[in-house]
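Protein chains in written order, with my numbering: chain P, 1 to 306; chain H, 1 to 242.
Honestly, I wouldn't trust all of these hints.
Claimed, not checked - DEER-style ranges, computed between Cβ atoms:
1. P/D161 to H/H78: 43 to 49 Å
2. H/R15 to P/R174: 44 to 50 Å
3. H/E2 to P/Q222: 54 to 60 Å
4. H/S134 to P/P66: 58 to 64 Å
5. P/R25 to H/P25: 50 to 56 Å
6. P/E12 to H/S207: 55 to 61 Å
What the hints assert, rightly or not - One side only, chain H facing chain P, incomplete, derived with CB under 10 Å:
7. M1
8. K13
9. Q79
10. A81
11. R123
12. D193
13. F194
14. R240
15. D241
Worth flagging that the hints you see were computed from the coordinates, not collected in a lab.
Given the structure is predicted, the values throughout are model-derived calculations rather than measurements.
Yeah, the Cβ is synthetic: ideal placement off N, Cα and C, and Gly gets one too.
Here are the chains, one letter per residue:
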Amino acid sequence: MTSIDVHDLTKEFGGRRAVDRLTFRVQPGRVTGFLGPNGAGKSTTMRLVLGLDRPTAGSAMMGGRPYPALREPLRHVGALLDAQAAHGSRTARDHLRVLAASNRIPDRRVDEVLEETGLASVARRRVRTYSLGMRQRLGIAAALLGDPAVVMLDEPSNGLDPEGIVWIRRLLQRLAGEGRTVLVSSHLMNETASFADHLVVLGRGRLLADTPMRDFIHARVQPRVRIRTSDPAALRGALARHGHEAEEHTDGHWTVHHARVDDIGRVASAAGVPVLELAAEEGTLEQAYFDLTAAETEFTAQPQEA
Amino acid sequence: MEFTPVLRSEWLKIRTLRSLTAALPALFAATVAFSAIAGVSDASDPAFDPLFAALSGVIPGQIAAISFGAMAVSSEFHQGALRLSLAAVPQRGRWFAAKAAVIAVPALLAGLVTALAALLVGRAGLGSAADTLSTGEQVRGVVGCGVYLMLMALFAAGLAALLRSGVATLSLLIPFILVVSFVIGDAAGTVADFLPDKAGQSVLRESYGGASLGPWSGLAVTALWTAAALLAGAWSVRRRDA
Numbered sequence: 001m002t003s004i005d006v007h008d009l010t011k012e013f014g015g016r017r018a019v020d021r022l023t024f025r026v027q028p029g030r031v032t033g034f035l036g037p038n039g040a041g042k043s044t045t046m047r048l049v050l051g052l053d054r055p056t057a058g059s060a061m062m063g064g065r066p067y068p069a070l071r072e073p074l075r076h077v078g079a080l081l082d083a084q085a086a087h088g089s090r091t092a093r094d095h096l097r098v099l100a101a102s103n104r105i106p107d108r109r110v111d112e113v114l115e116e117t118g119l120a121s122v123a124r125r126r127v128r129t130y131s132l133g134m135r136q137r138l139g140i141a142a143a144l145l146g147d148p149a150v151v152m153l154d155e156p157s158n159g160l161d162p163e164g165i166v167w168i169r170r171l172l173q174r175l176a177g178e179g180r181t182v183l184v185s186s187h188l189m190n191e192t193a194s195f196a197d198h199l200v201v202l203g204r205g206r207l208l209a210d211t212p213m214r215d216f217i218h219a220r221v222q223p224r225v226r227i228r229t230s231d232p233a234a235l236r237g238a239l240a241r242h243g244h245e246a247e248e249h250t251d252g253h254w255t256v257h258h259a260r261v262d263d264i265g266r267v268a269s270a271a272g273v274p275v276l277e278l279a280a281e282e283g284t285l286e287q288a289y290f291d292l293t294a295a296e297t298e299f300t301a302q303p304q305e306a
Numbered sequence: 001m002e003f004t005p006v007l008r009s010e011w012l013k014i015r016t017l018r019s020l021t022a023a024l025p026a027l028f029a030a031t032v033a034f035s036a037i038a039g040v041s042d043a044s045d046p047a048f049d050p051l052f053a054a055l056s057g058v059i060p061g062q063i064a065a066i067s068f069g070a071m072a073v074s075s076e077f078h079q080g081a082l083r084l085s086l087a088a089v090p091q092r093g094r095w096f097a098a099k100a101a102v103i104a105v106p107a108l109l110a111g112l113v114t115a116l117a118a119l120l121v122g123r124a125g126l127g128s129a130a131d132t133l134s135t136g137e138q139v140r141g142v143v144g145c146g147v148y149l150m151l152m153a154l155f156a157a158g159l160a161a162l163l164r165s166g167v168a169t170l171s172l173l174i175p176f177i178l179v180v181s182f183v184i185g186d187a188a189g190t191v192a193d194f195l196p197d198k199a200g201q202s203v204l205r206e207s208y209g210g211a212s213l214g215p216w217s218g219l220a221v222t223a224l225w226t227a228a229a230l231l232a233g234a235w236s237v238r239r240r241d242a
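Given only the sequences and the hints, what does the whole structure look like? Please build it.
Right under this line is the structure:
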């Protein structure tokens, strides 16, 4: 199985460090979300991994080899970097045929990926006539062309309609399920949360986290409980007795901080508080992410164990 | 990676872009049309050169060859096209060599056909004024013209790779060819004879008395300019971040 190994990778553009001593490994069989705000160095890292930009220092390997050393690289690694890269005057099919020819991939495979990405019916139209969402699909088709063990997609859900977003989520999970190495960058938290198993988080070119998504959220977001009652006084008393910190909202529901739903349920029941609603509030990736970036100033870029 | 698939891919790129496949018929049409006009011009000038008159359509016509070379390369510098190409073929030197080959061969073939047609049309217009032309001179003119057009297309391709822009390349080359060479070009026996276009055009002349370069040495000077441009372009493609 092929993993992506990035070691001490650094890239400077005119003295500014776009990528700063990054070390991480992207493992096969799961979807790794590559998170960070715009300008954090995600796209630069992907270009470095593909040998398109030369690193100032460090290395990036695909299954132990640098990308340019791969024979017929599209058969090993498929990448979507920029959906606008296809020439507007070519048809989608010709665009893919050109790429396929260079790596001796048969035209039959071109038709397969067009089918797979839902572009078969418009394959002979010029790319110029495509919407952004269709171009994204074409870029993904190009990435899948060589049936690669490693798939790297930079912001693949850009411009996709809701249907397309659900499609890409399923696609990513299927690719990972087939044992492929899948790295997907995004600056959208909720989107990433919907498909990623693992996270690599960048901030200003540095590695902020490399950890399973669930752990990432649980380590950073305190559990909370949402509760609604017809007897606020009784609830306040019961919670106070057990040392729970609660907050009452204007619409009548309460938020109990640092608490689990099992405990609050028992407390309310034992105190005979009538409960109209009781729910656990799951921490979101967004909350966890902002917690992390808020702490970034003190954070020293120590890669966490995966 | 093997070279043949890369070559096939680059050839397919040329074939599937209408602007590129249109450039070569444009080369033919413009050159032959201008040669036809030149063919009916005044032949009484003492400096009149029937071979150059018949092939003179190449002077404006070469803009199409230059555009072909420049656009074939510059299409790679739009959006992330080059990244896509180099992700498929990471051996950049090999990739650029394939690119140059698929520019050179069609440009040469189109150039030869164009030159032959221009000569025939030009001669028909010139009538008896062209009778002094020997077969050898005419063959030299046609072959030399085809090679010249190929070299100019490659020169533009090399510059486009260096400048990373078709617009920059064309706005440098077209005024250069139309204005600079035209204005200082008649001053034979000067450094102007060694300009990339002027040098090669000596192959289009029947007589080259007084000029610094003969037909083949002139073409060789253009070939050196082209080699320099291609090397600079290859250096740029290999060294710079895509």
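Provide an ascending list of the numbers of those earlier hints which the structure does not satisfy.
1, 2, 11, 12 and 13
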